[in-house]
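Taken in order, these protein sequences are the chains called A and B. Residue 379 in numbering that gives the first Met the number 0 sits at position 380 of the first sequence; the count goes up by one each step and never skips. Residue 258 in numbering that gives the first Met the number 0 sits at position 259 of the second sequence; the count goes up by one each step and never skips.
Because the hints were derived from the structure by calculation, they are not lab data. One should not assume that every hint holds.
The list cannot tell twin chains apart, which means a pair is met if one copy fits it or any two copies do.
What the hints assert, rightly or not - Derived EDC-like pairs: lysine to aspartate or glutamate, alpha-carbon spacing no greater than 20 Å straight-line:
1. 311 x 290
2. 220 x 181
3. 19 x 51
4. 208 x 192
5. 193 x 216
Quick caveat: nothing in here was measured; it's all calculated off a predicted structure.
Protein chains: 2
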Amino acid sequence: MARIVMKFGGTSVADVDRIKNVARRVKTEHDAGNEVAVVVSAMAGVTNQLVDYCRQVSPLYDAREYDVVVATGEQVTIGLLAMALQDLGVAARSWCGWQVPVMSDGVHGKARILEIDTADMVRRMKDGQVAVVAGFQGLGPDNRITTLGRGGSDTSAVALAAALQADRCDIYTDVDGVYTTDPRIVAKARKLDKITYEEMLELASLGAKVLQTRSVEMAMKHRVRVQVLSSFVDAPGTLVCDEDEIVEKELVSGIAYSRDEAKITLVGVPDRPGVAAAIFGPLSDASINVDMIVQNVSEDGTSTDLTFTVTKADLDRAVKVLTDKRDELKFARLVPDSNVVKVSVIGVGMRSHAGVAQTMFSALATKGINIQVISTSEIKVSVLIAEEYTELALRALHTAYGLDAA
Amino acid sequence: MARIVMKFGGTSVADVDRIKNVARRVKTEHDAGNEVAVVVSAMAGVTNQLVDYCRQVSPLYDAREYDVVVATGEQVTIGLLAMALQDLGVAARSWCGWQVPVMSDGVHGKARILEIDTADMVRRMKDGQVAVVAGFQGLGPDNRITTLGRGGSDTSAVALAAALQADRCDIYTDVDGVYTTDPRIVAKARKLDKITYEEMLELASLGAKVLQTRSVEMAMKHRVRVQVLSSFVDAPGTLVCDEDEIVEKELVSGIAYSRDEAKITLVGVPDRPGVAAAIFGPLSDASINVDMIVQNVSEDGTSTDLTFTVTKADLDRAVKVLTDKRDELKFARLVPDSNVVKVSVIGVGMRSHAGVAQTMFSALATKGINIQVISTSEIKVSVLIAEEYTELALRALHTAYGLDAA
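Using the sequences provided together with the hints, build the complete structure.
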């Protein structure tokens, strides 16, 4: 017997039949003697419709009223799922965010959960009642409805699991787990049985859209064991857990990529103190996030080349901001390039093993792929390469790190 | 300067354009220096869709979860209307039932409002903020969402007006007021400037679907001045108010009809004490409501005929209940008839004037219309006639009581 939180996203509750399917899944866990809380999203498409209404009424809508409108999506789902469970003979009750309550800060539209009072819910769960909880929503300090921002239901589920001290938080989605890399590109990609929080966090922020980054951060902070699994296939998924739970650690757990990058090179920048601040200050003021940065060694001691990346969406604005400052920055040329991809190898094992980066560089060199920028963290090595090599690089690295499925 | 409650039904907020139109109406009252609270229904069609979801999930759905689902309809409208008001520069804030709170009993699906705490709302209204309140919903004793039953938004508005001690409660709808009779049948029907609570109550319960009966009862109890007017036409409507406010009382204010009646005659019922109880007891046990009852004078002192009416929807069940008891009730024949209509003349003036009923009987006799059953109350005379005479009877009575428009 365990206490578990199950979370189902919008595609898993897209219509009445799928809601009934979810009810059957919940019943199975409940019948096994578990205490179960279920967190659900709005039926697929509903939130978009509600957001669209808001935009039609007022382009500059009040975020507090936006929250009132969009929070109804999850409210419909909890009522219907509670009914579907009762119809299967399972005692169930719905909980809106304000009823639990899920206390949040007052930043409407992207609130953060502060505290969840689960006393009443726990009492009812111990009596065998399934708690059906609206994801994505909370109650602000002024007694008004808040929402956590798009994708916030993952965070709701993990926060609830933490508050309930649940044994596990199962995130049901439309993929059946976390893979060593994108299986649409690398046919030999393997589903991972387990992955550490740290690795999942890197994967999540690097574009593997399985879990929302904030939910992984929260799981890591509160040590919530999160399982990612399919709501349509009945099979174990991937457990995101503490490093200690993983007996056989791999050197590299996964290979991620992001096509969302663009590169800017400033050629002939004066090589003097303060030049980096002069360049990145205006970008920061324009809310443009800079990721990788490389400053080349100056050849003549008077000028240097500076290369960095921004998101593709920010590229045009970044070019304009810098061009406007050209007189002040005194660079010779600005070379933008959006035909790049960031490829990263991730693994907690590399903390204690040398040579991980070298394996990457060799594998890419063997395939004739030029590395444009490199950045590293404790558990990650990222390189920027020309976009056309994406598939070739992923396959080569997957093999080089011994990740290919047998 | 006054404090007013404005209520807009589903057709008045059916889409974004109509919500913006409502916002302009509210702005006009607000700009005139009034303190304004607005009560709104769900966008037309939304509640039906939500009810349909519930039925699809579980035919025997839990009323508590039903309330969770259907209450979202009004929640969407309040958020959108608050935004639309803000967009016009009017300070506004939405209020769900649980936020006010509108405390109700725990009879989910058809709850009754117990108390409305308006302290916070009044403070904000005095500061110039328009309160946009979800109709149709409340908060039960167990901190769960309740709904008041279909059409409950009228009741919400009147209850809020009572709690706010509002000067007026304006019910905006798709008709422009209360008429002396159905203008689709009688071309000379006139819009009434004023009507008493008592008369409106009779009209409402007799099928003039302008206001929900419960809302009129509540208005009468708390002496809330209710105005019925069109949300599409800019003109005064009909004021439902205390008798004292009406200087020139008419003998008869309106003529109502209901096609929702069916007649049952039991021929040859033994004429002995207890027979009425023996007949109407089983009908009551089956939750069948009996309206008009006439017992004919017994000719031979041993048997009598009994005629009464039920709703058309209950006719078949009523016939079955009585037929099943035939051995016990010992009637000779049961004659059902659903081709009847109930026509009623209503007016507080008839309290102090004789001859009102006689005018009715004469007018119908002149047109050759046979009266099958008669019932009267202090301010009403109702007759049951063959349905085919509906239009003829309404026009004759409208003329006979001097109600025709000039």
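A quick look at each hint next to the structure:
1. In this assembly of identical chains, the alpha carbons of residue 311 and residue 290 lie at most 20 Å apart only when taken from the same copy (12 Å versus 74 Å across copies).
2. Taking the shortest alpha-carbon separations for residue 220 and residue 181, neither the intra-copy value of 27 Å nor the inter-copy value of 68 Å comes in at or below 20 Å.
3. Taking CA atoms no more than 20 Å apart as the test, residue 19 paired with residue 51 passes between copies only; the shortest distance there is 15 Å, against 28 Å inside one copy.
4. Within a single copy, residue 208 and residue 192 get their C-alpha atoms as close as 18 Å, which meets the 20 Å cut-off; across copies the closest is 63 Å, which misses it.
5. Taking the shortest alpha-carbon separations for residue 193 and residue 216, only the intra-copy value of 17 Å comes in at or below 20 Å, while the best inter-copy value is 65 Å.
When the structure is compared with the earlier hints, a violation turns up for hint 2 alone.
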